[in-house]
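Next come the chains, spelled out residue by residue.
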Amino acid sequence: NAGVMQNPRHLVRRRGQEARLRCSPMKGHSHVYWYRQLPEEGLKFMVYLQKENIIDESGMPKERFSAEFPKEGPSILRIQQVVRGDSAAYFCASSPQGTGSNSPLHFGNGTRLTVT
Amino acid sequence: DQQVKQNSPSLSVQEGRISILNCDYTNSMFDYFLWYKKYPAEGPTFLISISSIKDKNEDGRFTVFLNKSAKHLSLHIVPSQPGDSAVYFCAASVTGGFKTIFGAGTRLFVKA
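Residue numbers (the numbering used here), protein chains in the order written: chain X, 32 to 147; chain L, 196 to 307.
Everything labelled a hint here was simulated from the structure, so no lab data went into it.
You may find that some hints are simply not true.
To be verified - Simulated crosslink set (BS3-like; lysine-lysine; CA at most 25 Å straight-line):
hint	chain 1	residue 1	chain 2	residue 2
1	L	K306	X	K75
2	L	K200	X	K75
3	L	K249	L	K266
4	L	K200	X	K102
5	X	K58	X	K93
As the list claims (entries may be wrong) - So these bits of chain L aren't anywhere near chain X, every CB distance computed over 12 Å:
hint	residue
6	Q197
7	G211
8	S223
9	S288
10	T290
11	G300
12	F304
Note that the Cβ used here is the ideal one computed from N, Cα and C, for glycine as well.
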């Protein structure tokens with residue numbers, strides 16, 4: 032499967048624990064985006080990364096959330112000390128070029144995070 | 196700040212008829228618009244797009260219309276099929292920008 036791979040598909044964490052969500056972009060894609068979908072809401076932009084660089088993190092909460100896209104390996108979205116309000120579906124997308132070049136995004140199937 | 200709005204949460208259409216999904220935007224800097232389709236438990240998939248230099252783009256049963264003066268676009272699906280039942284997201288971006296902004300989605304039900 033050459034598509035965007037996200038794991039795990041489902042993640043359950045207790046309040047206060049850490050959540051790590053992984054995303055491997057499509058082969059040849061060096062631009063990665065993370066979106067969050069809260070229940071009954073649309074997709075909210077969180078962060079845009081290129082290899083080893085955060086380009087735009089304007090949609091990511093300043094505290095507890097961080098993202099990285101290392102030179103080797105998948106992109107990681109990390110949520111520390113999770114709270115119930117973090118429960119959502121987190122989607123990763125990739126593109127061969129940035130969205131500024133009008134490349135459509137290719138999405139993974141998401142990680143559904145449930146905080147108990 | 197809801198820069199991209201889809202005011203109809205759901206739409207029900209009979210098989211074979213036309214489905215029209217609407218989208219409004221507020222940011223006049225947007226110059227590229229896309230529609231994505233999402234099935235349950237899957238990620239969104241790209242459907243069709245349109246640049247602001249055009250007012251219509253057609254791909255098979257799917258046509259997107261853009262009215263820049265009204266800051267409005269619509270997706271027409273004709274004829275509608277039961278397999279089209281999904282959530283449709285309208286999205287917009289700025290050439291040279293960093294992010295694509297999505298609407299809240301419209302759930303389409305196509306009845307057989």
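25 Å Cα cutoff - pair L/K249, L/K266: The given pair, whose Cα atoms are some 13 Å apart, holds under the 25 Å limit.
Measuring Cβ to Cβ, find out whether L/G300 lies farther than 12 Å from everything in chain X. At roughly 5 Å from the nearest Cβ of chain X, L/G300 sits no farther out than 12 Å, so the non-interface label is violated.
Assertion that L/S223 lies outside the chain X interface [Cβ separation over 12 Å]: 17 Å, holds
25 Å Cα cutoff - pair X/K58, X/K93: Violated, at roughly 30 Å.
Does L/K306 pair with X/K75 here, judged by a C-alpha cut-off of 25 Å? 30 Å, violated
Restraint check for L/K200 with X/K75, where alpha carbons must lie at most 25 Å apart: 13 Å, holds
Tell me if the straight-line CA distance from L/K200 to X/K102 falls inside 25 Å. Violated, at about 37 Å.
Was L/F304 rightly flagged as not at the interface, with every chain X Cβ beyond 12 Å? 16 Å, holds
Non-interface claim for L/T290: all C-beta distances to chain X beyond 12 Å? 6 Å, violated
L/G211 non-interfacial with respect to chain X [C-beta, more than 12 Å]: 29 Å, holds
L/S288 clear of chain X by more than 12 Å, beta carbon to beta carbon? 5 Å, violated
Interface exclusion of L/Q197 relative to chain X, criterion Cβ beyond 12 Å: Contrary to the label, L/Q197 does not stay out of reach of chain X, its closest Cβ about 9 Å off (not over 12 Å).
Consistency with the previously given hints fails for numbers 1, 4, 5, 6, 9, 10, 11, ordered from lowest to highest.
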